[in-house]
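Enquirer: Spelled out from the first residue to the last, the chains are:
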Amino acid sequence: MEIVGFALRRLLVAIPVLLVSTFLIFLAVAKSGDPLTELRERQPPVPPHTITAEEARLGLDQPVLQRYWNWLTGVIQGDLGPSVDRNADIGMEIGSRLGITMRFVLIAMLIAAVLAILVGVVSAVRQYSWLDYLFTSTGFLFLAMPSFWLAVLLKQGGIELNALAGRTLIYTVGDSSVIPPPTLGGRIADLAGHMILPTITLVLINFAAWSRFQRSSMLDVLGSDYVKLATAKGLRRRTVLRKYALRTALTPLVTVIALDFTAVFAGAVVTETVFQWRGMGDYLLESINGRDVNAVMAWLLVAAVAVIVFNLFADILYAALDPRIRRVR
Amino acid sequence: MSADPPPVPATAATPGQWRAVLARFRRHRLAAAALVVLVLVALFAFVGPLLWRYGHDEITPDNSQPPSAIHPLGTDSLGHDLLAQVMRGTQQSLLIALTVALGAAVVGTVIGIVAGYYRGTTDALLMRLVDLFLTVPTIAVAAVLGHNFAGSGGGWVLIAVVLAALMWTSVARVVRGVVLGLREREFVSAARALGSSDLRIMARHILPNVAGPIIVSVTILVATAILAETALSFIGFGVQPPDTSLGLLVANAQSAVATRPWLFYFPGLVILLIALSINFIGDGLRDALDPTQTKGPRRRRYLAQPAARTDAVPDDVLLSVRDLRVVFAADGGDVPAVRHLDLDLRRGEVVGLVGESGSGKSVSAAAMMGLLPPTATVSGSIRFAGQELVGLAEPRFRRLRGSRIAMVFQDPMSSLSPVHTIGDQVAEAVRIHQGCSRAEARERAVELLDTVGIPDARNRLGDYPHQFSGGMRQRVVIAMAIANDPDLIIADEPTTALDVTVQAQVLAALRAVRERTGAAILMITHDLGIVAEIADRIAVMYAGRLVEVGTAAEVFDHPAMPYTRGLLESVPRLDRPADEELWAIPGSPPTMTALPAGCAFAPRCTVRVPDCSTVVPELVPLTAGHRAACLRLTPEPLPEPTTTIPERP
Ligand SMILES: Nc1ncnc2c1ncn2[C@@H]1O[C@H](COP(=O)(O)OP(=O)(O)OP(=O)(O)O)[C@@H](O)[C@H]1O
Ligand code: SF4
Ligand SMILES: [Mg+2]
Chain A
1 MEIVGFALRR
11 LLVAIPVLLV
21 STFLIFLAVA
31 KSGDPLTELR
41 ERQPPVPPHT
51 ITAEEARLGL
61 DQPVLQRYWN
71 WLTGVIQGDL
81 GPSVDRNADI
91 GMEIGSRLGI
101 TMRFVLIAML
111 IAAVLAILVG
121 VVSAVRQYSW
131 LDYLFTSTGF
141 LFLAMPSFWL
151 AVLLKQGGIE
161 LNALAGRTLI
171 YTVGDSSVIP
181 PPTLGGRIAD
191 LAGHMILPTI
201 TLVLINFAAW
211 SRFQRSSMLD
221 VLGSDYVKLA
231 TAKGLRRRTV
241 LRKYALRTAL
251 TPLVTVIALD
261 FTAVFAGAVV
271 TETVFQWRGM
281 GDYLLESING
291 RDVNAVMAWL
301 LVAAVAVIVF
311 NLFADILYAA
321 LDPRIRRVR
Chain B
1 MSADPPPVPA
11 TAATPGQWRA
21 VLARFRRHRL
31 AAAALVVLVL
41 VALFAFVGPL
51 LWRYGHDEIT
61 PDNSQPPSAI
71 HPLGTDSLGH
81 DLLAQVMRGT
91 QQSLLIALTV
101 ALGAAVVGTV
111 IGIVAGYYRG
121 TTDALLMRLV
131 DLFLTVPTIA
141 VAAVLGHNFA
151 GSGGGWVLIA
161 VVLAALMWTS
171 VARVVRGVVL
181 GLREREFVSA
191 ARALGSSDLR
201 IMARHILPNV
211 AGPIIVSVTI
221 LVATAILAET
231 ALSFIGFGVQ
241 PPDTSLGLLV
251 ANAQSAVATR
261 PWLFYFPGLV
271 ILLIALSINF
281 IGDGLRDALD
291 PTQTKGPRRR
301 RYLAQPAART
311 DAVPDDVLLS
321 VRDLRVVFAA
331 DGGDVPAVRH
341 LDLDLRRGEV
351 VGLVGESGSG
361 KSVSAAAMMG
371 LLPPTATVSG
381 SIRFAGQELV
391 GLAEPRFRRL
401 RGSRIAMVFQ
411 DPMSSLSPVH
421 TIGDQVAEAV
431 RIHQGCSRAE
441 ARERAVELLD
451 TVGIPDARNR
461 LGDYPHQFSG
471 GMRQRVVIAM
481 AIANDPDLII
491 ADEPTTALDV
501 TVQAQVLAAL
511 RAVRERTGAA
521 ILMITHDLGI
531 VAEIADRIAV
541 MYAGRLVEVG
551 TAAEVFDHPA
561 MPYTRGLLES
571 VPRLDRPADE
581 ELWAIPGSPP
591 TMTALPAGCA
601 FAPRCTVRVP
611 DCSTVVPELV
621 PLTAGHRAAC
631 LRLTPEPLPE
641 PTTTIPERP
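Residue numbers (the UniProt record's numbering), protein chains in the order written: chain A, 1 to 329; chain B, 1 to 649.
No lab work stands behind these hints: they were computed from the structure.
Take the hints with a grain of salt, since some may be wrong.
Each computed EDC-like pair below joins lysine to aspartate or glutamate, with the alpha-carbon atoms no more than 20 Å apart [unchecked claim]:
{"id": "1", "chain 1": "A", "residue 1": "K243", "chain 2": "B", "residue 2": "D424"}
{"id": "2", "chain 1": "A", "residue 1": "K228", "chain 2": "B", "residue 2": "D424"}
{"id": "3", "chain 1": "A", "residue 1": "K243", "chain 2": "A", "residue 2": "D260"}
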């Protein structure tokens with residue numbers, strides 16, 4: 001019960017933050033230019049009343065503050081507003097693209113976290129062993145690796161692998177085949193096949209920082225007094241590691257991963273452009289280029305909510321793992 | 001009542017400290033090499049274009065050329081010379097990243113210091129601001145703003161401003177964390193008490209002390225900024241053509257990896273190289289600024305060489321230490337933390353082990369518990385109830401730990417696991433060594449907690465350590481120590497971290513334990529008051545050596561070694577006027593890696609003779625059981641103490 005109250009409080013705190021951030025970004029996008037430029041400059045010219053009608057549909061004839069207000073009241077009622085693209089419904093569009101993006105973001109985060117924990121803990125327990133040196137240098141390499149470069153590199157690797165095999169072993173373009181396989185199993189395999197490379201990209205660029213963090217947090221715990229006292233009680237090293245060290249060394253990573261969610265998402269945007277996925281990243285770039293205020297806003301809203309949910313989840317997990325947090329705050 | 005010198009008011013980092021940091025950085029070979037690489041890359045980016053025959057926007061007749069003598073990195077399909085373009089791109093990326101880091105450092109530092117210093121509402125508001133920046137993916141906002149500015153021709157400055165505005169949060173969080181801790185430190189309180197304005201305190205006292213963390217986090221930020229800028233340019237919202245950036249170059253080469261690989265590999269490798277160098281530099285800086293976190297030494301195998309013993313250990317002697325030596329392999333050279341320690345503990349006896357910080361007390365205790373890190377080499381002999389502990393195999397040592405030798409650490413706040421209940425931790429101590437059921441172990445835990453004076457013990461088994469006060473926690477630790485009726489309890493400064501009133505309670509608990517279990521206690525402490533109260537005998541250590549040992553009465557009434565005398569002089573006594581300032585032994589203990597030849601105390605000794613700096617004094621017997629190590633003790637008796645100790649300042 002405490003946790004529910006705690007969660008509610010966190011959500012309430014997030015609301016003013018969301019209001020301010022949406023307002024600022026609304027201003028920025030609204031000021032970024034006229035979304036109807038293309039329509040106005042079309043040859044042969046479109047009739048003026050078409051343009052006026054479009055302006056009215058998008059609310060461009062109103063002052064910015066009024067437009068933000070309209071957007072805000074709309075959003076509260078579940079209306080994300082009209083898109084510059086007449087035929088698109090922003091909600092539908094975001095929904096399908098979010099599914100595509102989250103699919104590989106979540107899996108990549110999970111794999112990266114597991115990998116980071118394994119690598120970090122092993123490095124710390126075997127500090128200064130050859131394994132530690134190996135993990136540390138790989139970590140440094142991937143920390144410095146530009147995500148897009150790695151993505152293109154992997155894509156090229158996939159292309160060459162396919163060329164070598166003489167058939168498509170691994171998909172390098174798109175999030176699914178244009179003509180989906182007829183069976184359900186086939187469709188799942190098809191989706192998975194398309195996910196391999198982007199997921200690897202995202203895992204590699206994120207696990208490095210996390211494993212470095214996990215290593216140092218494990219080292220801290222290993223040097224702590226309570227681990228020493230547990231050893232002094234006469235416990236086996238294995239028991240000390242499992243019962244005392246691991247448990248406390250994992251908690252800080254939870255927060256780090258949650259805070260890094262935006263970074264993972266940003267990495268996903270870049271990765272998607274390389275592999276030409278029609279996901280959130282692609283939608284963002286498209287909407288910015290089209291000066292589609294409502295679409296960009298919807299995008300950011302979804303991203304912000306995702307971040308908040310993630311942080312909330314992390315806080316709850318943290319509280320569950322660490323009794324010290326449960327009562328305070 | 002502490003034998004420590006009174007705390008010197010900590011001051012801001014001095015120039016000397018910075019020189020030491022620089023020296024440590026230079027010793028970090030990888031970081032120093034990375035710095036050289038980075039300087040070379042910067043020269044390449046800023047001086048290179050002045051010397052190179054092609055401009056970055058110059059179109060040469062050779063298009064799509066692989067690397068050659070004329071175009072070392074080849075050309076693109078339009079005929080641009082890639083070397084010129086990479087130089088320009090690197091220049092843009094570096095300019096942006098450095099500006100971002102600088103901007104973020106300034107904004108982040110100011111906000112972090114203000115939030116950490118004022119706390120309360122200010123802090124809460126500023127941290128909400130940080131949250132605000134953390135809720136939106138940087139790349140999205142940067143893309144929106146980058147798109148806004150794309151047409152305005154602002155170039156790299158605008159991109160840098162946008163990224164800096166989005167990236168200051170990491171610096172602010174680090175700085176705030178450090179400042180929150182600093183605020184309570186004595187030099188800040190002192191400055192506040194002297195009436196310094198807040199602004200002055202922040203600028204003069206706090207800023208220099210957060211400089212280290214700022215430098216490290218800003219360095220790492222440069223790498224982050226490079227990666228962010230190139231990614232932004234890659235997706236088309238950063239640097240715009242006709243100008244170029246490393247990200248843009250990679251973006252343009254995407255589709256041509258197979259046909260014109262040079263266009264793809266060179267710019268990417270330059271980004272990798274820059275980011276890698278910066279991370280290494282950051283790592284080196286972190287180590288240089290925080291010497292306790294330095295890289296480990298090569299040698300890391302725990303070595304123990306037990307010495308053969310011919311002497312018979314009398315039956316009533318529980319613990320007999322002979323010629324114990326502990327050497328740590330460390331970066332700055334070997335640290336001989338314990339040198340030739342000889343010490344005996346009889347059954348049921350309480351021995352107080354005193355000495356200044358760093359004199360090797362804790363290391364000696366760790367050797368007796370078999371808890372030394374792998375960097376240690378141990379030699380000599382530790383006989384415990386007839387068993388040699390030096391070199392004892394871990395499984396056998398484990399059976400002694402917690403059952404026959406138990407330990408109480410200094411800080412009860414950190415010696416209990418925060419995520420396990422008290423009951424669990426105490427019952428576990430019982431269960432490890434006694435094959436009993438969970439229920440029995442719990443019953444015994446209640447009993448133990450009762451013994452050490454935890455009120456209402458049964459109902460507190462399910463509580464976590466944070467629900468206990470410091471004194472209670474230490475009593476819980478003592479309860480764990482006596483769980484298996486040990487023969488020896490090593491208590492390493494069990495009261496140092498506690499309030500004076502609580503100290504008395506913990507001491508009472510220890511005394512009760514002693515009476516009930518008859519365990520011998522090795523009481524390590526700085527506090528001579530405690531020793532006087534509880535110890536049968538006193539052992540004094542200085543720079544890793546035992547310098548005096550004897551019954552409490554002998555040592556207190558007739559201290560023989562000048563260091564012991566100084567130690568006793570620095571204890572407040574009822575027979576001296578209260579307003580008289582405490583006398584502290586002038587000078588500080590020697591550096592363990594550069595011990596003076598002869599007597600280690602010689603540089604601080606007021607009665608030294610020329611021989612002191614060449615001859616190592618051995619322990620000489622004075623009266624029965626009282627021994628001290630000082631050259632002045634054998635040839636001639638020491639002059640009266642009143643004349644040996646100089647005027648008090
Ligand atoms: N793991 C280690 N590696 C290298 N040197 C060490 C290590 N542990 C301790 N030392 C060094 O050994 C010396 C003795 O340290 P020790 O902790 O025994 O001092 P102490 O007498 O317990 O001091 P304090 O009163 O501050 O607890 C110090 O110079 C310390 O720097
Ligand atoms: S040996 Fe010499 S320097 Fe050392 S304590 Fe004695 S008199 Fe002083
Ligand atoms: Mg100590």
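Enquirer: Tell me the numbers of any earlier hints that the structure contravenes, in ascending order.
Expert: Violated: hint 3 alone.
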